[in-house]
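I would like the entire structure built from these sequences, with the hints used as guidance.
In this text, residue positions in the sequence shown follow the numbering used here: the first is 19, and each later residue adds one.
If you are wondering where the hints come from, they were derived from the structure by calculation, not from laboratory data. We put the CB at the ideal spot given by N, CA and C, even for glycine. Incorrect hints may have been included.
Label-pair distances were calculated between CB atoms; the ranges are [said to hold, decoys possible]: (1) D115 <-> S208: 34 to 44 Å; (2) H167 <-> D219: 20 to 30 Å; (3) P209 <-> W39: 35 to 45 Å; (4) G145 <-> H61: 15 to 25 Å; (5) I201 <-> E36: 43 to 53 Å; (6) I220 <-> Y171: 21 to 31 Å; (7) T160 <-> G87: 16 to 26 Å; (8) H117 <-> T198: 37 to 47 Å; (9) S164 <-> Q40: 39 to 49 Å.
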Amino acid sequence: HNGAVILLGKTGLYKFYENTWQHINLYEPYASVYRVGIDVDSHGVVWIGSDGSLKKCSGYSTTYIYPPGDNVIIQGVTVDESDNIWLANFFGISKFDGHNTWVTYDYTNTIPDMMYGARNITFDNNGVLWAAGKNLLSFDGTTWVSYPHPDVYLVSDVAIDGGNNKWVSFLGGLARFNGTDWIIFNHENSPLLDDYVREIDIDVAN
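If you want it as structure tokens, here you go:
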């Protein structure tokens, strides 16, 4: 929103703002090159999740924030309508109010099937959270639900179309879930060139 460009390269993250480059140091650069989450809040603040820290970038300023818990590898960052920052990490999902308060959801308290953690998070029009984990997960603010499928395993990303269908990417291709039924697309039954689909997005044209 403020014109800053965030670039992910072999040696870490870089920010370009008003003709100036800033290197955002990473304490696990190789893990960060593999996985990084970026989103922007309603004030134009850029939130970047990589390795074990959350970076708050506003103009020239970058603040490092360390979530509670040990060895947290952040894999996805999503800002909700209330400017809460949600982190998908290797051990679960965390919510941060942007100031001081953290809430952590993991296999020890609420989330089913949290093996291998979560990779990405999105929200539907009703404010329900959907997460890519071992399976597709949903959270309505009270209850977590897992939607397993024998052929859709280790979901890497999730996106929602205008018909409220959930699209997930995984090691076997792309799958669509309408709340009841699954349809799986791969290189054999669709124009997909490869079955390893890592990230997806849906544009305004649906």
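Which earlier hints can't be squared with this structure? none
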